[in-house]
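A.B. asks: Spelled out from the first residue to the last, the chains are:
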Amino acid sequence: MNMDATQRSDEEIAALVQRGDVEAFGELIQRYEPKMLRYARKFLFSSGDSEDQVQEVFLKAYMNIKSFDISRKFSPWLYRIAHNEFLNAIKKNRRLSVFSFDFDTLLPHPASKETADADINVSEIKNLLDTSLDKINPKYRELLVLYYFEEMDYKEIAEILQIPVGTVGVRLKRGREQLKKIIEKNGK
Amino acid sequence: MENKILETIKNSDIQMKPRWHFILKAVLMMVGGVILLFLVVYLISFIIFIERQNGAGFIPAFGLRGWARFLITLPWLLILFSLLFIGVLELLVRRYAFAYRRPLLYSALGIIVIIGVSSIAVDSVEFHQRFSPVVYRVLVAPDADDINPGDITEMQETGFILTKIDGEILHVIVASSTRSPGNKKFGKGDRVVVFGDRESTSSINAFGIRKIRD
Chain A
1 MNMDATQRSD
11 EEIAALVQRG
21 DVEAFGELIQ
31 RYEPKMLRYA
41 RKFLFSSGDS
51 EDQVQEVFLK
61 AYMNIKSFDI
71 SRKFSPWLYR
81 IAHNEFLNAI
91 KKNRRLSVFS
101 FDFDTLLPHP
111 ASKETADADI
121 NVSEIKNLLD
131 TSLDKINPKY
141 RELLVLYYFE
151 EMDYKEIAEI
161 LQIPVGTVGV
171 RLKRGREQLK
181 KIIEKNGK
Chain B
189 MENKILETIK
199 NSDIQMKPRW
209 HFILKAVLMM
219 VGGVILLFLV
229 VYLISFIIFI
239 ERQNGAGFIP
249 AFGLRGWARF
259 LITLPWLLIL
269 FSLLFIGVLE
279 LLVRRYAFAY
289 RRPLLYSALG
299 IIVIIGVSSI
309 AVDSVEFHQR
319 FSPVVYRVLV
329 APDADDINPG
339 DITEMQETGF
349 ILTKIDGEIL
359 HVIVASSTRS
369 PGNKKFGKGD
379 RVVVFGDRES
389 TSSINAFGIR
399 KIRD
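So the sequences go chain by chain: A and B. All letters in the first sequence, in the order written, are residues 1 to 188 by this note's numbering. All letters in the second sequence, in the order written, are residues 189 to 402 by this note's numbering.
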């Protein structure tokens with residue numbers, strides 16, 4: 001592996017790959033494989049093999065690398081590909097309607113602030129999520145995973161899912177409420 | 189996993205899509221969106237034109253009966269296609285950041301306003317009067333005997349003679365119960381819409397009369 005590549009940013013490496021440097025793509029895989037595997041395992045659960053899905057994500061990313069705008073951040077672009085692949089896997093297994101309408105994105109929501117006391121709750125919530133993620137609706141599960149495990153902010157999550165920032169706040173709130181209900185039901 | 193993926197790439201089992209593929213895709217989507225927009229504007233301005241040509245657009249002024257008849261005579265198939273195309277247009281627009289970063293309501297309203305204003309503009313330059321009469325006659329031949337737009341050609345004691353746009357001549361019977369929005373008086377040369385049941389093939393009991401033009 002080219003030692004120089006490890007010092008480059010994701011976007012610089014993507015530019016190399018666009019110019020035909022296949023080995024440089026290996027550096028991107030190394031950087032994102034653990035994140036993608038974690039994202040897949042926590043989002044997919046029983047809906048397909050996580051490793052196969054992550055492999056598909058990287059292959060899709062390579063095939064479409066020339067659509068990536070190097071003036072933008074690489075991470076949301078890759079996560080967007082992963083989101084689409086994982087969603088397809090869930091829909092395939094659960095026979096969900098492809099054309100389900102998303103009411104959360106219809107109306108404006110008051111701006112949701114990322115609360116200052118979030119740090120105190122985060123580790124506690126992560127522990128609780130680990131035991132209950134599979135019981136949460138995939139629509140909220142994905143947001144909880146991106147926020148608590150991938151440590152993304154509202155804006156990054158909004159870009160990946162292509163939804164308004166206000167909707168991110170609403171769904172996170174509903175996800176936490178659902179988690180709370182599950183925990184109360186299980187008497188934890 | 190890294191080695192497996194790189195091996196797949198090097199064995200040419202998958203290929204990097206060329207840049208022109210994405211450019212072409214973006215151009216096609218944009219062209220498709222523009223065509224759809226023109227189609228919807230044409231359809232909606234045509235619906236406005238139809239409603240004015242057959243007079244049905246004026247009869248809601250005659251109360252509940254007018255509204256009921258107006259709704260029945262609307263070109264529902266054209267309206268359905270318009271709504272379908274607007275839906276597809278919204279799906280296309282939602283792929284862009286300026287749309288998906290905002291609630292769906294905003295982009296939907298934006299599309300509706302653009303289409304509404306454009307349709308009214310197309311209608312105001314009499315586009316369909318010039319280019320769509322054949323389409324209108326073939327596809328939307330008016331068959332409502334009770335909605336009659338035309339010109340008053342002669343005033344009479346019991347009403348007036350109406351020459352319809354298609355040339356048919358009718359004797360319009362005006363009673364004290366006949367409704368007239370704004371209680372306007374009618375005279376020879378006025379263009380009006382007469383709403384009411386036919387007493388015979390050539391006479392009509394006017395339930396309501398509305399002036400369209402002096």
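It is possible that part of the hints are untrue.
As the list claims (entries may be wrong) - Here are the simulated lysine-lysine pairs, DSSO-like style, with alpha carbons at most 30 Å apart:
#  : chain 1 : residue 1 : chain 2 : residue 2
1  : A       : K35       : B       : K376
2  : A       : K73       : B       : K192
3  : A       : K66       : B       : K213
4  : A       : K60       : B       : K352
5  : A       : K66       : B       : K399
6  : B       : K399      : A       : K91
7  : A       : K181      : A       : K92
8  : B       : K376      : A       : K66
9  : B       : K205      : A       : K73
10 : A       : K35       : A       : K139
11 : B       : K376      : A       : K73
12 : B       : K205      : B       : K192
13 : B       : K399      : A       : K60
14 : A       : K155      : A       : K73
15 : B       : K205      : A       : K35
In short, the hints are calculated from the structure, not lab data.
A.B. asks: Under the constraints set out in the numbered hints, which ones does this structure not fulfil?
C.D. replies: 1, 4, 5, 6, 8, 11 and 13
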